[in-house]
Amino acid sequence: MLASTFPSYPLEQVVLDELHDAIRAERDLWAPQMSADGHWRLQPMGEGSLPGVAVTTFLPLKKLLLPPREEIWNFRTGEYCTAQVSQAFAVVGVPLCDLQAVWYLDQAFADDLPYQARRAQALLVGMACVPGPECRCDGLSMPLAGDLFIDHERVWVLSPAGQALLRACGCQVSQELPLPWPVVATGKRRALTQERFFSTTEAAIWTDEAKRCLSCGACSAVCPTCYCFDMLDAAALDGSVTRHRLWDNCFFAEHGKVAGDYDFRPGRANRLRFRMEHKRFGFGALRGQNSCVGCGRCRKVCPVDIDLDLIAEQLDGEGGS
Amino acid sequence: MIHALQPIPAVIDTIDRSVINNHIFTFRPEQSIELVPGQFVEISIPGVGGFPVSPCDLVREGLISSCIRRTGRVTEALYYLEEGDSIGLRGPFGNGFPLAMFTGQDALLIAGGLGMAPMRALLKALLDNGQTGRIILLYGSRQPETLLFRDELVSLAGHSRVDVRFSVDFAEILPGPCGDVLCRIGLVTELLADLDFNPRKTVAAVCGPPALYRCVLEELALMGLPSAKIFATLERRMRCGIGECCHCVAGGRYICKDGPVFSLEALRAMAEAI
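Here the protein sequences come in this chain order: X and S. Reading the first sequence from the start, the letters are residues 1 to 321 in our numbering. Reading the second sequence from the start, the letters are residues 1001 to 1274 in our numbering.
Next up, chain S with everything else stripped away, as it sits in the complex:
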């Protein structure tokens, strides 16, 4: 029996500080941890505590990258650490996105705020395996300054298979040059209004704050996507990651173990999940 609550040592390899309070940390664990997009790890800072986070990239050469917002006591402590410092990692936990379902289908990816981080891992997996048709990414952020991975996503928009659209909730003027990317002021859901896609040939993935799920998931169903092909990844403060501590439970299911990715079909049967 493995001690799933005991971390393995890891070193901070790099820190990308380009977006304030949304740094991208890359960790090198002593033993490799295999992760599919949507799965998560628990980061431990001995003496401070731990938190769950989904990687924002595929695991490459044993390196795990996560975009971590400075938002609480433990993430605050992480921001005081430097390259070369040690932390602990546990995982992989959860189910991850059902990558096989995207094969031969178009992908509609909708991200809000920090939800772009796990969504980027899914986007990369879909681009890497080349089995998906058209990929539409709708990404909403509060302000132009907090759009994550902006340059990278803008450069992706030149890709023939990829269609990227941004929205920002608040801006006096439209945010700077975005290349081929359409950018609107308003909520990410407004990008759906005149979107041209084939609902019978599309799998959707949504990742964002709780408010995003309440409006966007059923709207996708109304547009004709089957509820079994609409996926959302739920955020909870998973303490253990192994279906024991009860913090993440919704609708009788452990989000950390049965999820965090659920289809809308499953979510409809889970009271108070979204």
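With the rest of the complex left out, here is chain X:
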């Protein structure tokens, strides 16, 4: 759904308070909170009021929708049982980029039962943000997921669930006004066509950047749309086994290996290109769909300052050489 079609309504403080209570009554509430180390993190919210603005947290929303380690089935007495999903939860204070990332994950995991079960439990309330220096927000260039979006005294309805909640909280949903979307783009991502990308696979910048790359995988870990996973079994003393889905990382040495130790992505340059290809052009049914939402987390977290946008800029200037 394109954002320009979202209805918006005035949001009075009394309705906001009501919304707060309604969410808390039925759901675990998560919101960005400043940790002692100075990083913003998504944390369960204790007492206190809802945040007023969105924050780009250290780890994105995928930490809740596609957890770093989740049970996908249990095996006991000869039977496989589907792992149960946690209870309903809400995340409040989500920036636009993360809502766009959730839209992308929704597509990538459209047929994934554990993801969809968890997703169905989530109520997502976006908020207008204060852009940081790393942000490359492209405004509404990508569709977004979520239920409500709040900016000061105004609320945009993103889903039927959001509409119903708002109505239940006494919002005057008859006062719809066609107001502009409150998020302003902070800087466009560098354009990069598939043709240019695939004609520059031998460009020097890949090996130059790869020399610095530590293969630490931090960029993928904090990326809101990186979703590689592996599976690992944990056996208990009673003979039961739980299979976990774990975040994996395309920068790790084992990622492209097959039986007999043949490696399809042996070098860091291969892996950097692989990640760039995934971000800009997508895989499988999502081929052609950009998934870099411009949140800037990878730029911020990289210990050696590798910036996919700068690489894109360089490739664009390569002239296909």
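Worth flagging that the hints you see were computed from the coordinates, not collected in a lab. Treat the numbers as computed from the prediction; the structure is a model and nothing was measured.
Simulated restraints on C-beta separations:
#1 Gly239/X with Glu1076/S: 17 to 23 Å
#2 Thr193/X with Glu1218/S: 26 to 32 Å
#3 Asp1085/S with Gly139/X: 56 to 62 Å
#4 Ile1008/S with Arg69/X: 20 to 26 Å
#5 Glu313/X with Leu1127/S: 54 to 60 Å
#6 Gln116/X with Val1074/S: 23 to 29 Å
#7 Glu1218/S with Ala235/X: 45 to 51 Å
#8 Gly78/X with Arg1214/S: 40 to 46 Å
#9 Leu214/X with Glu1145/S: 40 to 46 Å
Glycine is no exception: its CB is placed at the ideal position from the N, C-alpha and C atoms.
Go by the hints and put chain S onto chain X.
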């Protein structure tokens, strides 16, 4: 929505241990899994892990047979299991070989090493449906001792429609009696050199290690086979089988979902696929 990551229980029905470290396991899943040659299943050993494998035979009476090489942690664990033990199976995954394309055509099947296992399933399907003309099988192995399904393939060579040729990379002397089968010392590609076939009436299927694809696919094209009629089945360590986990991606495509069988025409557009 089905939970595609959750296996169904299966029992090991038989284990054929005739080739060392290349045993043929036959599984009986609780619910039947329909597979065409070239598709694959994910085998789970609870507590150890899982791996993808293509069957080496058609599914018969619900039984799925796979030739599984003892090569890693999970296959090692499988080798400790016995007939009657339980495992888990997920699938079917992938596209499989385009069987309809072989109708009315000759088939040129080229297998290297363990690639003979999925190739045998294709060979059986082609023999079963009887719609294919001549079938040429070129099969290369490292040593004479590791030729898989050797007796069966040798006996097939008496079949009027089937032409079987072996090659072995290393051997002091030519390996024992092979009946009507031609056997050479050298690479499987050398068998192509004096092969008499009609490239305009042939569909090729290739299955083997990565090195085989790099030399043989384009060579077939040079011999006059259209690139849309040359098929290869790619090996990757597919974790999920459903186009999510990203381990098998090449050229922007999930090998587990869009493949693992691709035409050379498709492969040429997939960077770093072979």
